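Participant: Chain by chain, the residues:
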Amino acid sequence: MIKDDQQKSLLEVTALTKSFGSARALKGVDFDVRAGEVHCVLGQNGAGKSTLIKVLAGAHQPDSGEIRWNGDVVTISDPIAAIELGIATMYQELDVVDGLTIAENIFLGHEKTRGGFTNLRETAQATRDLMKRLGHADLSPNREVGTLSAANKQIVAMARALSHDVKLMIMDEPSAVLDSEEVNNLFRVVAELKSQGIAIVYISHRLEEITRIGDRISVIKDGASTASGLPVKGSSTKKLISLMTGTDMDHVFPPAVPLASDAPVVLEVSDLSAPGTFSDVSFDLRAGEIIGLAGLVGSGRSEILEAIYGERKPSSGSVKIGGEALKLGSVSAAVDADMGLSPEERKSQGLMLEEPIYRNATLSTFTRFAKGPFLDEQAERAATEEQMKALELRPAEPNRITRTLSGGNQQKIMLARWLIHGTKVLLLDEPTRGVDVGARMEIYALIRKLAAAGTAIVVVSSEIEEVLGLADRVLVIADGRVIAEKPATEITEHGVLDLVMKGSAA
Amino acid sequence: MSEPTTTPTPHDEIEAVAVADENQSTTQPSNSKRFLASGFGRSIGLIVALVVLVIIGAVTAGENFMSVDNLLVILRYASVIGVVSIGMTFVITAGGIDLSVGSVLGLASVVASLGAIQTAASGFWPLMVFVAIAVGVIAGLLNGLIIAYGKVVAFMATLAMLVAARGLAELISQRQTQVVDNSGFLNFFRSDFLGISWVVWIFALVSVLGWLLFNRTTFGRRTVAIGGNATAARLAGVKVRRHTVYLYMLCGATAGIAATMLLSRTTAGTSTHGQLLELDAIAAVVVGGTLLIGGRGTIGGTVLGVMLFATLTNVFTQNNLSSSIQLVAKGIIIVVAVLLQQRFANRETSSK
Numbered sequence: 033m034i035k036d037d038q039q040k041s042l043l044e045v046t047a048l049t050k051s052f053g054s055a056r057a058l059k060g061v062d063f064d065v066r067a068g069e070v071h072c073v074l075g076q077n078g079a080g081k082s083t084l085i086k087v088l089a090g091a092h093q094p095d096s097g098e099i100r101w102n103g104d105v106v107t108i109s110d111p112i113a114a115i116e117l118g119i120a121t122m123y124q125e126l127d128v129v130d131g132l133t134i135a136e137n138i139f140l141g142h143e144k145t146r147g148g149f150t151n152l153r154e155t156a157q158a159t160r161d162l163m164k165r166l167g168h169a170d171l172s173p174n175r176e177v178g179t180l181s182a183a184n185k186q187i188v189a190m191a192r193a194l195s196h197d198v199k200l201m202i203m204d205e206p207s208a209v210l211d212s213e214e215v216n217n218l219f220r221v222v223a224e225l226k227s228q229g230i231a232i233v234y235i236s237h238r239l240e241e242i243t244r245i246g247d248r249i250s251v252i253k254d255g256a257s258t259a260s261g262l263p264v265k266g267s268s269t270k271k272l273i274s275l276m277t278g279t280d281m282d283h284v285f286p287p288a289v290p291l292a293s294d295a296p297v298v299l300e301v302s303d304l305s306a307p308g309t310f311s312d313v314s315f316d317l318r319a320g321e322i323i324g325l326a327g328l329v330g331s332g333r334s335e336i337l338e339a340i341y342g343e344r345k346p347s348s349g350s351v352k353i354g355g356e357a358l359k360l361g362s363v364s365a366a367v368d369a370d371m372g373l374s375p376e377e378r379k380s381q382g383l384m385l386e387e388p389i390y391r392n393a394t395l396s397t398f399t400r401f402a403k404g405p406f407l408d409e410q411a412e413r414a415a416t417e418e419q420m421k422a423l424e425l426r427p428a429e430p431n432r433i434t435r436t437l438s439g440g441n442q443q444k445i446m447l448a449r450w451l452i453h454g455t456k457v458l459l460l461d462e463p464t465r466g467v468d469v470g471a472r473m474e475i476y477a478l479i480r481k482l483a484a485a486g487t488a489i490v491v492v493s494s495e496i497e498e499v500l501g502l503a504d505r506v507l508v509i510a511d512g513r514v515i516a517e518k519p520a521t522e523i524t525e526h527g528v529l530d531l532v533m534k535g536s537a538a
Numbered sequence: 062m063s064e065p066t067t068t069p070t071p072h073d074e075i076e077a078v079a080v081a082d083e084n085q086s087t088t089q090p091s092n093s094k095r096f097l098a099s100g101f102g103r104s105i106g107l108i109v110a111l112v113v114l115v116i117i118g119a120v121t122a123g124e125n126f127m128s129v130d131n132l133l134v135i136l137r138y139a140s141v142i143g144v145v146s147i148g149m150t151f152v153i154t155a156g157g158i159d160l161s162v163g164s165v166l167g168l169a170s171v172v173a174s175l176g177a178i179q180t181a182a183s184g185f186w187p188l189m190v191f192v193a194i195a196v197g198v199i200a201g202l203l204n205g206l207i208i209a210y211g212k213v214v215a216f217m218a219t220l221a222m223l224v225a226a227r228g229l230a231e232l233i234s235q236r237q238t239q240v241v242d243n244s245g246f247l248n249f250f251r252s253d254f255l256g257i258s259w260v261v262w263i264f265a266l267v268s269v270l271g272w273l274l275f276n277r278t279t280f281g282r283r284t285v286a287i288g289g290n291a292t293a294a295r296l297a298g299v300k301v302r303r304h305t306v307y308l309y310m311l312c313g314a315t316a317g318i319a320a321t322m323l324l325s326r327t328t329a330g331t332s333t334h335g336q337l338l339e340l341d342a343i344a345a346v347v348v349g350g351t352l353l354i355g356g357r358g359t360i361g362g363t364v365l366g367v368m369l370f371a372t373l374t375n376v377f378t379q380n381n382l383s384s385s386i387q388l389v390a391k392g393i394i395i396v397v398a399v400l401l402q403q404r405f406a407n408r409e410t411s412s413k
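Heads up: the sequence lines are chains X and V, in that order.
One rule links them: number in the numbering used here = place in the first sequence (from 1) + 32.
One rule links them: number in the numbering used here = place in the second sequence (from 1) + 61.
Read the hints as simulated data drawn from the structure, not as lab findings.
Since the structure is predicted, the reported quantities are computational estimates derived from the model, not experimental observations.
Do not take every clue at face value.
To be verified - Taking CB as the label site, the calculated pair distances span:
1. V:392 - X:126: 30 to 40 Å
2. V:303 - X:291: 35 to 45 Å
3. X:153 - V:383: 53 to 63 Å
4. V:175 - X:127: 24 to 34 Å
Idealized CB from N, CA, C, for every residue including glycine.
Here chain V stands alone, though its shape is the one from the complex:
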């Protein structure tokens, strides 16, 4: 019984630290406030939470937790959700949502691991990757067209895709697990670069490219503008509908990439891959600081959100705690994060 009682106390600490931050910002308006309103400043709570979690891990699991190997385990675990969350950040920032990413991931894993595809890819393994991404992009294209031109709300359009893609994956795979035996594919994903798994490198690459796309390009500006005020963007000449389609294609593509990562980790394609992944991705994005109503997003925050959940899972696993407790903790983190977000948002509007 001692372990469950130790966990709540550090939780209070997280809150206490965050609250102290806020007080400070109200008493010294100029610099600290500007800092807190900046992207990095908003992430400070997350960084603190992550540090606290690492301390808990180090104290409770010691060497098992504080090792390079374990860090790599966490990173590998974070990579699949991480890649999808980057795509999700774009969609949510633009005021949309994509509930279909988990199912699309499952479908992409099934299609890419079909016997015919694997045979065709025997000489050129990246074909499997291209096929998976193509499946994701096509699903995203459909989502985008239905939302932008059919004027169906994103929640319903992608909910339909969530159901349909899963069904299609079951039909194609005939509910069988398809073993991946393409050696080129497996060898690549099992190999390391500078001692770090390629899966982690892909997550890093997607994050960096996502950050650039989000913060430094016209694509990113359109995304934020549409989320901030879609009518204003349209009346200023931004092709809102076309961009919306691109956004869902991008999100689908990240689901496709994640599918290949999961294929390599499990060496199997199955229609059950990626179940409830959409919820993990949305949680990571929102906890990271992206507004669910759109108009403001942060790739860095998303990466931190993903790392927070991955580390949490690892700490619980290291301590042999049931996944049920882990779910409760996750729920608490989501609520606390959103509450803090709202308090920041309120202060910004009241400071006018």
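Chain X on its own, in the form it takes in the complex:
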């Protein structure tokens, strides 16, 4: 283990352990945070990051180990104790109340009162000060939080943390719900907080973010520290990945397979338009080809996907699969024509979380397994198990409840659904959202394998790097228009962003 100790620490955690029944979530975590630094905590899903956060936030009590705050040993017995110390936590699921205003949210539970009544003027002023500090003076304290974007809700959650006298802020994957523009803004805010002397524990599994904003890094693998307080400078991506996964990985993206010259066109999209969202979208997709749609959130890329799939009805244009025109605005027609979609929000749009795995895997095919109206669950389980083995989803237990799987494995279930269906055209919206690095590579490899087997694939992702790494051909989308179409090898992330900026300005 690598450690460097020159400066006095604000928070010091030593040999922390925590078990839930027989499961050992933390088996010895060490790390320290200094005032005014951004300390990144890296780890795959299930490595113990969430448990660590909850211990620091006072939601869980550690079994053993020591937590020192400004050099003194402390016990964080409950969330209130954490706040009193000056530790604020921003969870992934933002706990803001949509029906209340920004000001009401920020001072929820510690309202500024005078004689039993809330002091509106003082509250509004304090809110304005906080929002200004976070670089969002434009947001009115009286605005209802439900009308804000995810990024701005995050700002409100941060303002709430700052309304207490916070010295350490823990952010649990704050960028997961943001697009690249919003991530830039988040980073600006983080830098601002840092300059005010606030320490930040930044949890993420996006390595590129960490190298941009982090000062030091600690890595957790299987509940134990594998590195503690590494300086970001000088830590290579390759090294970090091997610390996280325990294996060396040279290539994140699998190599593209050259497309057969006689590969037939399977999907033809012509002049697809929906007023106000996108217009004149046309492209062809051949069997075995992966096409990527790159663009910012709001550019219309997800809407285009939805229109192709029939989830949204375009006002004009056509979609052909294997030369046959598809009935627009009908998802079941698209599925019958062998098209499949893995939606952006896996949990809310893709899976029945309380149901066994096999029922999710066969959601689009259970009628096919059925004998007349009667289900053949045995056959469904067998088909699911076969796919689970092929996708290296262990343990291959089709009866397990889907909720218990990690994000990566849930994504594999979505792929399994369409593999069982035997789709010719697969639409993937954010295929690796909420999936950790190790599982990401597996999913990239699977997508490539599917293409090699002849499936035509459309990928949409807010991570431009992912689109470029996966796709053979890239369509750059801005303001609902395809502004460029290039082979993925002939364009860089910068190139895409340049095009997007120019396209939007025009």
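Using the hints provided, position chain V relative to the given structure of chain X.
Facilitator: Chain V in isolation, oriented as in the chain X frame:
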């Protein structure tokens, strides 16, 4: 005063037994936990409650309660609510609700017992049954279309039907009680098969068919899928709107069947039939273990829920207790059952 004080004690027992079950499952995770998470395991609390109720009945009413005749009385009483509750189980599992079943039952009883219909059915009495079912199916079709294609929340759409169907029944019957004199109809429903009333057989048949439909068919799978995650089902190619319409038609059909059963029992069709039946049905379904938010349902649990309430009513009647006390007891049972359900649900999610 002695009787009211004896009733609370066994109630505590029900709870105590249920709590003991839970403790056991946490200490021995593997088998007992899996058992408790299974459909039958979840019903164990209900079975225990039913057994306790039977013991109370036997102790307080003795022979009057513990007789075959009384069992048949309970079953006959349970049948009307039971049939409707089977339909309701499907709707609730799919994340919906049907508040109109009571009114639709009243309307179906009025239409099926119209003089013209009874005359037309003089040679072929099942016509009355078909008419009643048709009325239920049409009402369900309307409910379903308004919910699925009009995108009106089920609660409001079926609330509108609750009001409108009752009004329509009053208009058609002119608020008169229509006597059923179709002898074929009455003779059939008064006759027994193997010593058991046809009404009870119909309940049994509907339950068995409902169980098969729910657990063994693609129809049932679609129902659970829509309740579990309607968006996911739609994006996987399930025709969610069409299926939603079918579900309300099915629920309406069960109201129609229940209407004929009530017609035969009361020998009269009236617009007041089935008042508040929707609440009894919903209570039986939810107490039985079907989640009100959808995604999980159990036909067996519904049957047990119906039997629990029917037995409760019988025990109170046998002891000449007022129906007011009975209502209070019903309320307590509903709350306890839902509290237990939530505790099960919480443990399942926290065990991840």
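Participant: Each hint should be assessed against the structure and marked as holding or not.
Facilitator: Results for each hint:
1. V:392 - X:126: 30 to 40 Å: holds, 38 Å
2. V:303 - X:291: 35 to 45 Å: holds, 39 Å
3. X:153 - V:383: 53 to 63 Å: At roughly 59 Å between Cβ atoms, residue 383 of chain V and residue 153 of chain X fall inside 53 to 63 Å, so the hint holds.
4. V:175 - X:127: 24 to 34 Å: Since residue 175 of chain V and residue 127 of chain X have Cβ atoms about 59 Å apart, the given range 24 to 34 Å is violated.
Figure legend: structure checked against the earlier numbered hints; the only hint not met is number 4.
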